[in-house]
Amino acid sequence: MKDSATDPSAELEDLILRVLHGLADEPEGAALATHLAASSEARELFTDHAMLHGFLATEAQAGGFAEDREAFFAALETAPPPLKIVRRHRWWWLSAAAAMVVGLVCLTFLLLPNNAAAALDQVIAALDRSVDCSYVIRVLDPGAGRQGGNPVEKPDRGRFPPAAFLDGARLYLRGSSQYVLKQALPDGVTRTLGSDGQTSWCIRGDGPVRTSTDPYHFGAGVLAGQQKTPFLELRTQLEDLRRFYQLEWFTPPTDPATPVRLKGLRGSRHSAAQGGPKEIELWFDPATGQIHRMLLNGLPRGAGGPASIALELASTAPLPQDFFHHQAHHEPSRRVEAETTTRSR
Amino acid sequence: MLKTVPTTESNTRLGGDNPSQLEFTRLFVASQAAFQGFLLTLVHDRHAADDLVQELACRLWLKFGDYERSRPFVAWGLGFARLLAFEWRRLQARLPVPLDEPTLQALADVAAERSLASDDRHEALGHCLQYLTDHQRQVLEARYYRDQAVADIARQAQRTEMAVYKVLKRAHQMLLDCMRKTLASPTPP
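Taken in order, these protein sequences are the chains called A and B. Numbering-wise (this note's numbering), the first sequence opens with residue 982 and increments by one. Numbering-wise (this note's numbering), the second sequence opens with residue 113 and increments by one.
Think of the hints as simulated: they come from the structure by calculation, not from any bench. Just so we're clear, the structure is a prediction, and the values are computed from it rather than from any experiment. Quick reminder that beta carbons are idealized off the backbone N, C-alpha and C, glycines included. Check before you lean on any hint, since a few could be wrong.
Straight-line alpha carbon distances no greater than 25 Å define the calculated SDA-like cross-link-like pairs of lysine to any residue that follow [stated by the list, open to error]:
1) Lys278(B) with Gly1156(A)
2) Lys1163(A) with Arg258(B)
3) Lys1209(A) with Arg1242(A)
4) Lys1209(A) with Ser1158(A)
5) Lys278(B) with Glu992(A)
6) Lys278(B) with Ser297(B)
7) Lys1163(A) with Cys170(B)
Over 12 Å on every C-beta distance to chain B, these chain A residues come out as not near it, computed from the model [stated by the list, open to error]:
8) His1002
9) Thr1039
10) Ala1145
11) Pro1167
12) Arg1185
13) Arg1216
14) Trp1230
15) Ser1249
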């Protein structure tokens, strides 16, 4: 398929546009390369078209081709369902009764000596209940060394966002299998990734929605390519804490802003061969098992990423029912692409 | 000490509190179209260019401490973008347009020169978009906003690929011609 022309400059322009629109075959690509090597005019024409191609993509994302730009933006704003606070009046007494039972069980365990592992079981049990909560992520140590206020990181760490940009990210959880992580990237766009328990997904800015059947497929990019992200795979991390860490109690400092008296569990990793953070601290409510603060120190930094982060409880307000489905985070017309099973960013 | 964290969704701010992060983001966003165009000229694939823009943001942030404020941010970033595009090309098993090193450098020089005037060119494009026909606008919307391949647009519109391609080609030619005239014009549009 060629829009053939006998004029050499028209033929060159045709080649350029066919390449840019993905229509050129191998000999045509080679022919364009010959033109570009031979002539500065060809390079200028190619650059003009390539830059126009880029501008058009930018313009399209800004609604430049919509018939009614106002309607286009209104649709973007109204497309995702509004985030309503779901109030669960009917079951409050069941929840209250369950909380009381859990509280009593916790209290029983906590009164016993050497009961750290049992208390950890209660924290895991609390996590397994499908209760909504959200945490703010704080980067306490972005990594070894600093230069001019920026972390010095390995030059070959690729396209992973620098550790500092994880600071302030928000993690939403429902039970142990549903999560959403919202993070601002250095170019100003927000990356939202999550899982509804069946499908994991990732949306970067106004790009397509990428989905996978691997529940943690997109988590690998959060901590500079670490295959396991402790705070996304929180249940696994807590189980590891019980199995592979030396546990000890500590007393978290009191805080007037936190009405409950929190208990503290600190785990130190037995062996470096196990992997994972060197030290984990949990500050939790002994009545409910709810984690209020989780500190991950000495994170593996093979490819960079932060050395130490904290998760701080921000809210326990119920989230909209569909919050953990990707559809709740983009307009209906957004392209959806299924990924292969290999973990990616 | 346990910090007090806001408990409402509405007052949660994404991103760090560091002023240099905010400054960086502001500069990068303002220069993004220039970087995008530059990278596209060297890698010839829109999706690859999108990915490289993301990676460029990370690299520039890591070096932001070295950035001299007296220098235009775009000019500073283009050096990194050039290296990034060259690295990307080296890693590809096959390239749609195989270029030797001198040609690639020459192309990068032209693209860098154009990118430095990116704002004017983008503004000129904004003016020229008004001359698109409805049909051209629809095809451009499908190609660039919905990111559909030419073959998919043709199938949906029950037209041939050639017909769709011709619409795109004429739209490109018209826009480029209009942009050149607008940029050459002594009075702004």
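We went through each hint and held it up to the structure:
1. Taking the CA atoms of Lys278(B) and Gly1156(A), the gap is near 53 Å; set against the 25 Å cutoff, the hint is violated.
2. Restraint check: the Cα-Cα separation between Lys1163(A) and Arg258(B) comes to about 24 Å, which is no more than 25 Å; the hinted pair holds.
3. With a C-alpha separation of about 32 Å, the suggested pairing of Lys1209(A) with Arg1242(A) is violated against the 25 Å cut-off.
4. Simply put, Lys1209(A) and Ser1158(A) have alpha-carbon atoms about 15 Å apart, close enough for the 25 Å limit, and the pair holds.
5. Distance check on the hinted pair: Lys278(B) and Glu992(A) sit about 13 Å apart at the alpha-carbon level, within 25 Å; holds.
6. Restraint check for Lys278(B) and Ser297(B): not satisfied, since their Cα atoms lie roughly 28 Å apart, outside the 25 Å limit.
7. Taking the CA atoms of Lys1163(A) and Cys170(B), the gap is near 17 Å; set against the 25 Å cutoff, the hint holds.
8. Taking the minimum C-beta to C-beta distance to chain B, about 6 Å, the non-interface status of His1002(A) is violated against the 12 Å cut.
9. Remark: the non-interface label on Thr1039(A) conflicts with the geometry, its nearest Cβ contact in chain B lying 5 Å away (cut-off 12 Å).
10. Listed as outside the interface, Ala1145(A) is inconsistent with that label: its C-beta sits roughly 6 Å from the nearest C-beta of chain B, within the 12 Å cut-off.
11. With a closest Cβ-Cβ approach of about 4 Å to chain B, Pro1167(A) is found to fall inside the 12 Å limit, against its non-interface label.
12. Residue-level check failed: Arg1185(A) sits 7 Å from the nearest beta carbon of chain B, not beyond 12 Å.
13. Distance to chain B confirms Arg1216(A) as a non-interface residue, since its nearest Cβ pair spans about 23 Å, more than 12 Å.
14. At roughly 17 Å from the closest C-beta of chain B, the C-beta of Trp1230(A) stays outside 12 Å, upholding its exclusion from the interface.
15. Once the 12 Å rule is applied to beta carbons, Ser1249(A) is consistent with being away from chain B; the minimum gap is 21 Å.
Hint compliance for this structure: hints 1, 3, 6, 8, 9, 10, 11 and 12 are broken, all remaining hints hold.
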